[in-house]
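Take a look at the letters that make up each chain.
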Amino acid sequence: MTEPSGANILETLLQEYRRFAAKTESISEIAGREIDRDLPVDYWTYTASDLESELWSRFPQLEAGLDIIPDPSWPASPGLVGRIKGRAKKLILRLAMPLIRRTLEKQDRFNRQSKDMLFIQFLAIKQICRQVKELEAENRELRSRLDIIEAKQSAMEPANHE
Amino acid sequence: MSEQIQNKDIRHENDLESRAVELTTLLKTSPGNQEGANSMCRTVLQKSGPAAACQIISRSQLLLGLRRPRIAIYDHTWHFIGGAQKYGATIAEALSSAGEITLMGNRPFSPETLAGWYRLNLSHCNTRIVPMPFFEDRKEAYIDPAIITSRTIANPFHAVSRASLDYDLFINNSMLEMVYPLSHRSAFITHFPERLPRSYFYVDRYSRIVYNSRYTKGWIEKRWSLSPHTHIYPPVDMPDSQMQKKESIILSVARFDPGGNKQQLDMLRAFELLHRSRPDICLGWRLVLAGGSFSENPYLSQVQAFVTDHPKLPVDLYINASHVDLTALYHKASLFWHFCGLGQNDPALVEHFGMTVAEAMQNGCIPLVFDGGGMREIVENNRTGQLFSSMAVLLQQSIDLLTNPQKRELMSQAARDEGQRFSKEVFTDRIRKLAAELLDPGPLTNASGH
Chain A
1 MTEPSGANIL
11 ETLLQEYRRF
21 AAKTESISEI
31 AGREIDRDLP
41 VDYWTYTASD
51 LESELWSRFP
61 QLEAGLDIIP
71 DPSWPASPGL
81 VGRIKGRAKK
91 LILRLAMPLI
101 RRTLEKQDRF
111 NRQSKDMLFI
121 QFLAIKQICR
131 QVKELEAENR
141 ELRSRLDIIE
151 AKQSAMEPAN
161 HE
Chain B
1 MSEQIQNKDI
11 RHENDLESRA
21 VELTTLLKTS
31 PGNQEGANSM
41 CRTVLQKSGP
51 AAACQIISRS
61 QLLLGLRRPR
71 IAIYDHTWHF
81 IGGAQKYGAT
91 IAEALSSAGE
101 ITLMGNRPFS
111 PETLAGWYRL
121 NLSHCNTRIV
131 PMPFFEDRKE
141 AYIDPAIITS
151 RTIANPFHAV
161 SRASLDYDLF
171 INNSMLEMVY
181 PLSHRSAFIT
191 HFPERLPRSY
201 FYVDRYSRIV
211 YNSRYTKGWI
221 EKRWSLSPHT
231 HIYPPVDMPD
241 SQMQKKESII
251 LSVARFDPGG
261 NKQQLDMLRA
271 FELLHRSRPD
281 ICLGWRLVLA
291 GGSFSENPYL
301 SQVQAFVTDH
311 PKLPVDLYIN
321 ASHVDLTALY
331 HKASLFWHFC
341 GLGQNDPALV
351 EHFGMTVAEA
361 MQNGCIPLVF
371 DGGGMREIVE
381 NNRTGQLFSS
391 MAVLLQQSID
401 LLTNPQKREL
411 MSQAARDEGQ
421 RFSKEVFTDR
431 IRKLAAELLD
441 PGPLTNASGH
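Each protein sequence line maps, in turn, to chains A and B.
The first sequence runs 1 to 162 under my numbering.
The second sequence runs 1 to 450 under my numbering.
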């Protein structure tokens, strides 16, 4: 049997690793490193439209399933002592449940109110932005009128000298 | 935990380059050593992932001269005509001798159409369409990256990231910072940093960041906190006719943007004012507005209405003019007006470069352009043209040039000479140097040589 050439070896290996990469689900795994980062945000540099899309993107996060109660689970506790500990924890949880539930419900109400508050603030800021834009447009219009007046004046100047 | 954006540390790339050299040496000395090659690649796979393993094998194939480099140029808007797309297509033509070129997009397009639009030879180019179901399901005409605002939406552009692994050099001409380059070497072309760094931001993961003007560079530094590497002005290749006699024409070439960003209406108002206030010197002069437009364009309707309402004003409109007509207009026109940026607050709405201004200069049209953005780099005030920051200044400059043929003659020649700075030859030369730097064997340095 003849030995495979360097070219064949490389091509076979390349196909193998490409198939492997194609099967790999996340780009981070393919790249061999975590690629997504939490970049520091400087909101002061954002334009109005940037801020708007940022706000809209954050609204869903306020409903991020904070209510953990429906699915409580405990780590496995092997042995007699562990089982007793587990039962004791479950008992305490059951006893404390009304309190926990009330607290979470309160938190949930607060989240909903915060969301409404944020939305109202967002709309209020939008109104202010619109007013500022109108003022800017008015300012531009006045400046352009001034430009035209200046232009007329400068256009008339040579005629005055004649 | 928060991380700072910073220019890529190319040590990892250089480390892989050394591994590729080792693999090449191994196969040169013992061509049948499958075991050794396997073991080397497995080590890289375990340490750095499958992309790194693919990269060293691909690189080794190149070092052994087994094939030509594979180069992909990606743009999600190939199917639109525009300056940025011309930039990408001209890269494809410039690199025809450097390797196998693939034009990668997300919607169907043909190299023949691009070649016709930009008068290029793209017969050597392959195409590859990478579908993005996220956008196709939305059935929108335009692939809008701005709708990806948070990591709650999976990154649809990772389909392109995956495809980039198949190439030795991946050039992202799309300004799409959400594509992660998996090729061994990569370049990110920035026409303007439109979006702020958000959920998926990988510009700093490219081997080279290229920018089209110093204006763009300033905004890359400001918005992205990155230092771009390589400055390459867009290619401008409007044929010049030295012998053509100039006529009394003020020309504007700009698309009729539906939002009015190119400000043709302001030009009409300025010309009307000029005509009304100084009819003596305006005698015989015409304003010609040429530009592309969609069929239903509210801004164009306003422009047309203005012209209809002022029948005595000598104005000609050339909508979607052919290249032949456009060339003839450049040859004949004496002055060139460009208002884009006047009265704007948003830096993205100021001309980032101004290709038509450079085209006009190559034809000896004297540019009178807004004093801002990339136009400050093209026009030297009072020598190769005039910069203005208000309508009053523009009108005064126009009157001055209209009444002074000798000044026009001198400035026209200076503009013609200066226009050559942006020629296609200069562009091609710089692109080839960049590709050579990225594809030639050996380590990269963080700073670029250009």
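These aren't lab readings, by the way, just hints derived from the structure by calculation.
There's no promise every hint is true.
[As the list claims (entries may be wrong)] Only pairs whose alpha carbons sit at most 16 Å apart, straight line, appear in this in silico EDC-like list of lysine to aspartate or glutamate:
1. A:Lys23 - B:Glu377
2. B:Lys312 - B:Asp346
3. B:Lys47 - A:Glu136
4. B:Lys47 - A:Asp108
5. A:Lys133 - B:Asp166
6. A:Lys152 - B:Asp280
7. A:Lys152 - B:Asp400
[Claimed, not checked] Sample of chain A residues at the chain B side, in silico, Cβ under 7 Å:
8. Ala7
9. Ile9
10. Ala21
11. Ile27
12. Ile30
13. Gly32
14. Glu34
15. Ile35
16. Leu118
17. Phe119
18. Arg140
19. Glu141
20. Leu142
21. Ser154
Glycine included, C-beta positions come from ideal geometry on N, C-alpha and C.
Evaluation of the provided hints:
Using a Cα cut-off of 16 Å, the hinted pair lysine 23 (chain A) and glutamate 377 (chain B) is violated, with the two alpha carbons roughly 48 Å apart. For the given pair, lysine 312 (chain B) sits about 36 Å from aspartate 346 (chain B) by alpha-carbon distance, which is inconsistent with the 16 Å threshold. Taking the CA atoms of lysine 47 (chain B) and glutamate 136 (chain A), the gap is near 57 Å; set against the 16 Å cutoff, the hint is violated. With a C-alpha separation of about 45 Å, the suggested pair lysine 47 (chain B) and aspartate 108 (chain A) falls outside the 16 Å cut-off, and the hint is violated.
Between the alpha carbons of lysine 133 (chain A) and aspartate 166 (chain B) the distance comes to roughly 48 Å, so the proposed pair goes past 16 Å and is violated. This hinted pair checks out: lysine 152 (chain A) and aspartate 280 (chain B) have alpha carbons roughly 15 Å apart, not beyond 16 Å. Among the hinted pairs, lysine 152 (chain A) with aspartate 400 (chain B) is consistent with the structure: their alpha-carbon atoms are about 15 Å apart, no more than 16 Å. About 5 Å separates the beta-carbon of alanine 7 (chain A) from the nearest beta-carbon of chain B, less than 7 Å, and the hint is met.
This hint holds: isoleucine 9 (chain A) has a C-beta 5 Å from the nearest C-beta of chain B, less than the 7 Å allowed. About 4 Å separates the beta-carbon of alanine 21 (chain A) from the nearest beta-carbon of chain B, less than 7 Å, and the hint is met. For isoleucine 27 (chain A), the interface hint holds, since its Cβ comes within 7 Å of a Cβ in chain B; the closest pair sits about 5 Å apart. A distance limit of 7 Å between C-beta atoms decides the matter here; for isoleucine 30 (chain A) the minimum to chain B is near 5 Å, and the interface restraint holds.
Proximity of glycine 32 (chain A) to chain B holds as hinted, the smallest CB-CB distance being about 2 Å (cut-off 7 Å). For glutamate 34 (chain A), the shortest C-beta to C-beta distance to chain B is roughly 10 Å, which exceeds 7 Å, and the interface hint is violated. Annotation: isoleucine 35 (chain A) was flagged as interfacial toward chain B, and the flag holds, the nearest CB pair being 6 Å apart, inside 7 Å. Taking 7 Å as the C-beta cut-off, the interface hint given for leucine 118 (chain A) is violated, the closest approach to chain B being about 16 Å.
Residue-level restraint check for phenylalanine 119 (chain A) is violated (minimum Cβ-Cβ distance to chain B is 17 Å; threshold 7 Å). The interface hint given for arginine 140 (chain A) is met, as the beta carbon of that residue sits about 5 Å from the closest beta carbon of chain B, less than 7 Å. This hint is violated: glutamate 141 (chain A) has a C-beta 10 Å from the nearest C-beta of chain B, more than the 7 Å allowed. With a least beta-carbon distance of about 12 Å to chain B, the hint placing leucine 142 (chain A) at the interface is violated under the 7 Å criterion.
Given the 7 Å rule on beta carbons, the hint for serine 154 (chain A) holds: about 5 Å separates it from the nearest Cβ of chain B.
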